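Visitor: Listed here are the chains, written in short residue letters.
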Amino acid sequence: MSADLDQLENQSIYILREAYNRIDKLALLWSIGKDSNALLWLCRKAFFGRIPFPVVQLDTGMELPEVYEFRDRIAREWDLDLIVAQCPPEEEMDQTLPPLTRAAARKTEGLKTLLRDNAYQGIMVGIRRDEQATRAKERVFSPRSLDGDWDVKDQPAEFWDHYKTRFPEGVHVRIHPLLAWTELDIWRYSKREEIPIVPLYFARDGKRYRSLGEKNITFPVDSTAGTIDEIIAELVVTRIPERAGRAMDNEAEDSFERLRSSGYM
Amino acid sequence: MPHSQLRIVIVGHVDHGKSTLIGRLLNDTGSLPDGKVEQVREMSRKRGMPFEWAFVMDALQAERDQGITIDTTQIHFKTAQRPYVIIDAPGHAEFLKNMVTGASQADAALLVIDAGEGALEQSRRHAFLLHLLGVRQVAVVVNKMDRVDFDEARYEAVAKEIRDYLGELGLYPKAVIPISARGGENIVTRTDKARWYLGPTVIEQLDAFRPQQTSPDQPLRFPLQDVYKPDDRRILVGRIESGRLRVGDVLRFAPTGADARVVGIEAWNHPQPVLSAHAGQSIGITLDKRIFAERGHIAHHLDAAPRIAHRMAVRLFWLVSEPLVVGKTYTLKIATAEHRVTVEQVTAVIDVEDLTSTPGKAVHRNEVAEVVLRSRTPIAVDLAADLPRTGRGVLIDGNDVVGGFLVVQIEETATANITEVSHAVSVEERAQANGHRGGILWLTGLSGAGKSTLAMALERALFERGWQTFVLDGDNVRNGLNAGLGFSPEDRAENIRRVAETAKLFADAGMVVIASLISPLRADRARARAIGGQRFHEIHVDADLATCEERDPKGLYRRARAGEIAEFTGISAPYEAPEAPELVIDTGRLDRSEALARLLDYVDEALGKATLPGEADRSSSWVI
Numbered sequence: 001m002s003a004d005l006d007q008l009e010n011q012s013i014y015i016l017r018e019a020y021n022r023i024d025k026l027a028l029l030w031s032i033g034k035d036s037n038a039l040l041w042l043c044r045k046a047f048f049g050r051i052p053f054p055v056v057q058l059d060t061g062m063e064l065p066e067v068y069e070f071r072d073r074i075a076r077e078w079d080l081d082l083i084v085a086q087c088p089p090e091e092e093m094d095q096t097l098p099p100l101t102r103a104a105a106r107k108t109e110g111l112k113t114l115l116r117d118n119a120y121q122g123i124m125v126g127i128r129r130d131e132q133a134t135r136a137k138e139r140v141f142s143p144r145s146l147d148g149d150w151d152v153k154d155q156p157a158e159f160w161d162h163y164k165t166r167f168p169e170g171v172h173v174r175i176h177p178l179l180a181w182t183e184l185d186i187w188r189y190s191k192r193e194e195i196p197i198v199p200l201y202f203a204r205d206g207k208r209y210r211s212l213g214e215k216n217i218t219f220p221v222d223s224t225a226g227t228i229d230e231i232i233a234e235l236v237v238t239r240i241p242e243r244a245g246r247a248m249d250n251e252a253e254d255s256f257e258r259l260r261s262s263g264y265m
Numbered sequence: 001m002p003h004s005q006l007r008i009v010i011v012g013h014v015d016h017g018k019s020t021l022i023g024r025l026l027n028d029t030g031s032l033p034d035g036k037v038e039q040v041r042e043m044s045r046k047r048g049m050p051f052e053w054a055f056v057m058d059a060l061q062a063e064r065d066q067g068i069t070i071d072t073t074q075i076h077f078k079t080a081q082r083p084y085v086i087i088d089a090p091g092h093a094e095f096l097k098n099m100v101t102g103a104s105q106a107d108a109a110l111l112v113i114d115a116g117e118g119a120l121e122q123s124r125r126h127a128f129l130l131h132l133l134g135v136r137q138v139a140v141v142v143n144k145m146d147r148v149d150f151d152e153a154r155y156e157a158v159a160k161e162i163r164d165y166l167g168e169l170g171l172y173p174k175a176v177i178p179i180s181a182r183g184g185e186n187i188v189t190r191t192d193k194a195r196w197y198l199g200p201t202v203i204e205q206l207d208a209f210r211p212q213q214t215s216p217d218q219p220l221r222f223p224l225q226d227v228y229k230p231d232d233r234r235i236l237v238g239r240i241e242s243g244r245l246r247v248g249d250v251l252r253f254a255p256t257g258a259d260a261r262v263v264g265i266e267a268w269n270h271p272q273p274v275l276s277a278h279a280g281q282s283i284g285i286t287l288d289k290r291i292f293a294e295r296g297h298i299a300h301h302l303d304a305a306p307r308i309a310h311r312m313a314v315r316l317f318w319l320v321s322e323p324l325v326v327g328k329t330y331t332l333k334i335a336t337a338e339h340r341v342t343v344e345q346v347t348a349v350i351d352v353e354d355l356t357s358t359p360g361k362a363v364h365r366n367e368v369a370e371v372v373l374r375s376r377t378p379i380a381v382d383l384a385a386d387l388p389r390t391g392r393g394v395l396i397d398g399n400d401v402v403g404g405f406l407v408v409q410i411e412e413t414a415t416a417n418i419t420e421v422s423h424a425v426s427v428e429e430r431a432q433a434n435g436h437r438g439g440i441l442w443l444t445g446l447s448g449a450g451k452s453t454l455a456m457a458l459e460r461a462l463f464e465r466g467w468q469t470f471v472l473d474g475d476n477v478r479n480g481l482n483a484g485l486g487f488s489p490e491d492r493a494e495n496i497r498r499v500a501e502t503a504k505l506f507a508d509a510g511m512v513v514i515a516s517l518i519s520p521l522r523a524d525r526a527r528a529r530a531i532g533g534q535r536f537h538e539i540h541v542d543a544d545l546a547t548c549e550e551r552d553p554k555g556l557y558r559r560a561r562a563g564e565i566a567e568f569t570g571i572s573a574p575y576e577a578p579e580a581p582e583l584v585i586d587t588g589r590l591d592r593s594e595a596l597a598r599l600l601d602y603v604d605e606a607l608g609k610a611t612l613p614g615e616a617d618r619s620s621s622w623v624i
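Line by line, the protein sequences are chains A and B. Number 186 in UniProt numbering belongs to position 186 of the first sequence; there are no gaps in the numbering. Number 113 in UniProt numbering belongs to position 113 of the second sequence; there are no gaps in the numbering.
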């Protein structure tokens, strides 16, 4: 048995059910990566098979073909209420951002458009604290201003698991059911639950995607791990950060912080 | 497979070395990713600052620029024993809500104290908060021992001071470890500089902590989060906070008292039927019959019920700049249940320096206090000392969580053993819910005696204490309810009769209704008394005619003297003063605040807590 995975699963289901009960209009962001796939799986558990809110892919048109294939298959098999939201082109981004960060910012803008058009009050996102230092400071229920800004210096208190679930008009909340999970937990859970995985995570020709994003800004890293067991074995010993293949993170000292404080996931 | 991870929060006064300790722990256990130290060195060089281990932790631009921790953060690392999550909590007083957020997730805590400075205010406040948050496993590290040459006497003095303080809170540190975070002494490896120290290193102490576990032997508490109807099933979902339940168990739901049997524990993608579930599990159950059950209700076994209360005392920590004040109403949340509660009393504001306490009227930001809360709805609750998860909660004001609390005393009400929802709410229940009885305060007296002024002041004062109260003013009633009545003797009698009947309905509903009418005739007032029964209190607002005429607030005396108003009480119609009123307030002799004080004293005695049912002996009605 894996008591720690049970604990994480129960906690995430609790958060999902709180969100569903407390927040009027909800959607879930699905990047089709390993974390949001696990999150979809947890939703199916929490709501007994059928996910009761739309699942949104913010599409830049730059995903790899395997990702689109996987999306369409899973959406059909799991009977998802899938919304594919197109992101605005790079020319419309803040030109003061470094180029790769600018490319990533398209998703932020896509999300803002989605929020404006659909008036979602809650957006569920499968980010984890161990991914990146600014994500480590996130709340489980994290309010954003109308234009998506994140005020990292004035976040609500989370006394035990009493989350902030009331908001003034015009504010939306990011709900982060996977904050407490680690990369290793996600893989162990995916194996235990037999959650489907985009094949790009498995090594081919000595390389694999450790963190899967768009083809213009994410790159595979050296690895020979061709199965989940091998990935788990690799993660136990590696000292290479998960987002090493994410070009934008390393562009400037505060690239990712700037992205996040203006609404990036 | 790895052991369960342990969550450690690092707390303490600003600049006592929390972030440095964490940077060290990560580095010395080989937990930093490749390139991290080089990256931090490069960053320090660019800013022209000396390298600090603390920078490893600072994620935000502002944190790196100012060299402080602003928000709580969580970092994963491993020892040979097991994985950890380190929760770095800011030490600055402005960021206490972030400290609370971090610490409330922790299994155990390290309290960092500067060997040179000892336990300063934030150290003590953090220790107090650990206690409030329920973090019982604590170790102290006495940092910067290098600055005091690893002097044993200095260590002993700091250790004794903090042990004494924690002891008064009921916290007993597992170890008090002399370290130097900057130099890495006694963190992962022992140092020769303190041969006199025989206790564990920081890492040894971390490995000796145990993950928090809830015993399945505790009473069952299953608070409902929601009710789903995915198909023909009606599934009650929630997380078991304590104890366990099995298929076949009869559950009772507090506070309604409805009973039903568990026929299934529903699980998706689970090959075998689930027969039992225990604390910590988020589950869904189906019942053998349809009962009224909704979010906030707590399922329990028949033999171990939570308490049902309208009043309780809590130990509370206040987070926001707007103070908690007596008389104000907040939303209380325990598990998934929410109730409106009014602050009845601030019994004690606690000084975190020396743990002395004084009663007060308000609780300010970052203060700890004991407060009595009263609810109009029955709350299912446990003492935090018995069952922490259903004995603690938060207060919400508007959109924000403004404080967190532990329940330290519960006043059980007579409804505790009611097993069915009662549609006919009894007088006693209303009184318990309101914290006072319903009643009619009938203010009679000459025009200009001060009835309306007193009535409005009394209404305000009672309202601010959280009472249910309303004024029925003679003039106002004549604009609506009695608009069709004139000033003939018959109409005046009918006016009074209707006001008395209305007042009685209000009093039946549990309110303190303040009727303010001249009501000059004894016969009319006797009829009103007959309608109101025991709840009728006649209050003579007495001022002699000359005084009233001099005040003449509405100019009526002047017009009556000029013959413009026929049958004016005191001039051309009689005023029959009460012969045996419950209270006389002479507004000719008392000023306004004295008059109000006297009236309030009377109301307290006649309708206040001392008269509540089953509360003859208040002290013994508290469950400690």
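Since the hints were made in silico from the structure, they are not lab data. Watch out, some of these pointers could steer you wrong.
[As the list claims (entries may be wrong)] In silico BS3-like links for lysine-lysine, alpha-carbon gap of 27 Å or less:
{"hint": "1", "chain 1": "B", "residue 1": "333", "chain 2": "B", "residue 2": "609"}
{"hint": "2", "chain 1": "A", "residue 1": "45", "chain 2": "B", "residue 2": "229"}
{"hint": "3", "chain 1": "A", "residue 1": "25", "chain 2": "B", "residue 2": "609"}
[Said to hold, decoys possible] Where chain B lies over chain A, by a calculated footprint (3+ residues, C-beta under 8 Å):
{"hint": "4", "stretch": "12-21"}
{"hint": "5", "stretch": "33-46"}
{"hint": "6", "stretch": "154-164"}
[As the list claims (entries may be wrong)] Pulled a few chain B residues facing chain A out of the computed Cβ check, cut under 8 Å:
{"hint": "7", "residue": "33"}
{"hint": "8", "residue": "268"}
{"hint": "9", "residue": "272"}
{"hint": "10", "residue": "476"}
In this text the structure is predicted, and so the values were computed from the model without any measurement. Note that the Cβ used here is the ideal one computed from N, Cα and C, for glycine as well.
Visitor: Close enough to count: is the Cβ of residue 268 (chain B) nearer than 8 Å to one in chain A?
Guide: 5 Å, holds
Visitor: For the pair we were handed, residue 25 (chain A) and residue 609 (chain B), check the Cα-Cα distance against 27 Å.
Guide: Given that 27 Å is the threshold and the Cα spacing comes to 44 Å, the pair is violated.
Visitor: Let's test the interface hint: is any C-beta of chain A closer than 8 Å to that of residue 476 (chain B)?
Guide: 35 Å, violated
Visitor: Taking 8 Å as the C-beta cutoff, is the stated coverage of the stretch 33-46 of chain A by chain B satisfied by three or more residues?
Guide: holds (count 3)
Visitor: Can you confirm whether the C-alpha distance between residue 45 (chain A) and residue 229 (chain B) stays at or below 27 Å?
Guide: 14 Å, holds
Visitor: Under 8 Å, Cβ to Cβ, is where residue 33 (chain B) needs to be relative to chain A, so tell me if that hint holds or is violated.
Guide: 4 Å, holds
Visitor: Residue 333 (chain B) and residue 609 (chain B): Cα distance at most 27 Å?
Guide: With a Cα-Cα distance of about 25 Å, the restraint between residue 333 (chain B) and residue 609 (chain B) holds, given a limit of 27 Å.
Visitor: Are at least 3 residues of the stretch 154-164 of chain A within less than 8 Å of chain B when you compare beta carbons?
Guide: holds (count 8)
Visitor: Would you check whether residue 272 (chain B) satisfies its interface hint, that is, whether its CB is within less than 8 Å of any CB in chain A?
Guide: 14 Å, violated
Visitor: Using C-beta distances, would you say chain B covers the stretch 12-21 of chain A, given that this needs three or more residues below 8 Å?
Guide: holds (count 6)
Violated hints, in rising order: 3, 9, 10; the structure is consistent with all others.
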